[in-house]
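Given these sequences and hints, build the entire structure.
Oh and the sequence shown: position 439 is 603 in the working numbering, straight run, nothing missing.
No lab work stands behind these hints: they were computed from the structure.
Quick reminder that beta carbons are idealized off the backbone N, C-alpha and C, glycines included.
No incorrect hints appear here.
Taking lysine-lysine pairs in the DSS-like style, the calculated list, with each CA pair at most 27 Å apart, reads:
#, residue 1, residue 2
1, K311, K299
2, K590, K625
3, K243, K270
4, K298, K311
Derived CB-CB ranges, DEER-like:
#, residue 1, residue 2, range
5, G304, S216, 39 to 45 Å
6, R493, L613, 22 to 28 Å
7, E621, R493, 38 to 44 Å
8, I587, E548, 52 to 58 Å
9, D619, K560, 45 to 51 Å
10, N219, E294, 23 to 29 Å
11, G359, Y208, 38 to 44 Å
12, E205, D307, 48 to 54 Å
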Amino acid sequence: MDEEELTLPWDEPAAPLDEEPEREAVLTVSEANRLAKNALERIYVTVQGEVSGLNARYPYYVYLNLRDSEATLPAIMPKRVFENLDFVLEEGSVVVVEGMLTLFEKQGKYQVRVASVRPFGEGALQRRIEMIKKKLAAEGLFDDSRKKPLPAFPDRIGVVTSPRGAAVRDVTVTLARRYPPARVFVCGVRVQGAGAVEQICAALHFFNLDFPVDVVILARGGGSIEDLEPFSTEEVARAVSRMNVPVVTGIGHEPDVSIADLVADRRASTPTGAAEAAVPERRDVHARLGKCAGSMQRSLSADLVSETRQLAGIRRLPLYRGPDFMLGRFMQRWERVTASLPESPRRGLERGRHRVATIASRPVYHRATELLRRPRALLAGDAEAVAQSAVRDMEKKRSRLERALAKANALSPIAVLERGYSITFKKDSGKVVRDSSEVDVGEPLTIRLGRGSVDAEVTGKE
Numbered sequence: 165m166d167e168e169e170l171t172l173p174w175d176e177p178a179a180p181l182d183e184e185p186e187r188e189a190v191l192t193v194s195e196a197n198r199l200a201k202n203a204l205e206r207i208y209v210t211v212q213g214e215v216s217g218l219n220a221r222y223p224y225y226v227y228l229n230l231r232d233s234e235a236t237l238p239a240i241m242p243k244r245v246f247e248n249l250d251f252v253l254e255e256g257s258v259v260v261v262e263g264m265l266t267l268f269e270k271q272g273k274y275q276v277r278v279a280s281v282r283p284f285g286e287g288a289l290q291r292r293i294e295m296i297k298k299k300l301a302a303e304g305l306f307d308d309s310r311k312k313p314l315p316a317f318p319d320r321i322g323v324v325t326s327p328r329g330a331a332v333r334d335v336t337v338t339l340a341r342r343y344p345p346a347r348v349f350v351c352g353v354r355v356q357g358a359g360a361v362e363q364i365c366a367a368l369h370f371f372n373l374d375f376p377v378d379v380v381i382l383a384r385g386g387g388s389i390e391d392l393e394p395f396s397t398e399e400v401a402r403a404v405s406r407m408n409v410p411v412v413t414g415i416g417h418e419p420d421v422s423i424a425d426l427v428a429d430r431r432a433s434t435p436t437g438a439a440e441a442a443v444p445e446r447r448d449v450h451a452r453l454g455k456c457a458g459s460m461q462r463s464l465s466a467d468l469v470s471e472t473r474q475l476a477g478i479r480r481l482p483l484y485r486g487p488d489f490m491l492g493r494f495m496q497r498w499e500r501v502t503a504s505l506p507e508s509p510r511r512g513l514e515r516g517r518h519r520v521a522t523i524a525s526r527p528v529y530h531r532a533t534e535l536l537r538r539p540r541a542l543l544a545g546d547a548e549a550v551a552q553s554a555v556r557d558m559e560k561k562r563s564r565l566e567r568a569l570a571k572a573n574a575l576s577p578i579a580v581l582e583r584g585y586s587i588t589f590k591k592d593s594g595k596v597v598r599d600s601s602e603v604d605v606g607e608p609l610t611i612r613l614g615r616g617s618v619d620a621e622v623t624g625k626e
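Structure below.
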């Protein structure tokens, strides 16, 4: 600060030599503070410090202190500036403020009136990352609905990481230990510094279109927020979202969460965790295969039992039994009908006589001669007609039954055999022989005749 800025705002004229000096000017406290305030408010400063004593309870201003290892500077900030900050201002934050020095006259308190605040060092990078997060979240790139499921048994696995370092070793060793059948393809890229973003995006594009795989692992070892910055860029996030196959990320350590982790289909805390998430455990695969083999064996056994029962049921069908079983139901009906036909007219006559006797027992019919002459004549005629009708009906049923029996005998395979035909079976398998090519010379046969069967042997074929 120039010495001229600390002088009084008025000039004191030099006292003439021949005059007495003027009396000394005495200022009040208020005047002194006002004088200091006017002098300080000409100074605009940019100050870096750690926030302490933050108080945002008042309606118009926020009060805080900026401190370093040796001193403290009080600060006052308008509430509108505090509410429009794009980062969280809290105790312990290291910030850079711009404002004008001033003085609170009533207490003589020296302070800085803050006009703008920005984070210092990593805070600026973190703020840029938060802005990218908000933009991508608004587009839905972090939604669970767009995340793809991981394949249960991947055959080809692409790994995007640095070709040097612990990450590539941890990933490849873990994949080989957990799931040896998988084929691993490593695309080495820079994971920090200049060109890292472009190489990571190119590697993801390579595995997505030029060299298809089942799943991609994007991995990197731990580091500072600046080291992990390529994985929190918008370019890498969009490259991950455009992948047609699932992406598993293992970037940094447990507390590190990059934007690529939020877009990926599965996030792991470390490269080793990413490898474990991408493939199943060998013991789990063996257990699952054993379970599937047992299930297949039980299913085949159940199918075999079911087919055996079905075959036994087919063998019990009437088609595979003798004519007596097939015609037994019809023969029983015929026997019952033939036994009941002769008795049917007699029972009808008895019912008629009983009805006539019941009617004749009524008082009005006591004069039998006059009243019953005509009914007796009708009854006699009806009895004759009933007897003749019963005889004709019995003849019709007997004729119908005989035709049914003749048709059944004609359709019976036994009847065909009775006419001189026979059925030839292979003696070993019981299969019916229909063609001479189905048997060999010397093969034993069984020939079914109309009555009984004979065994034979093939001595020649035509």
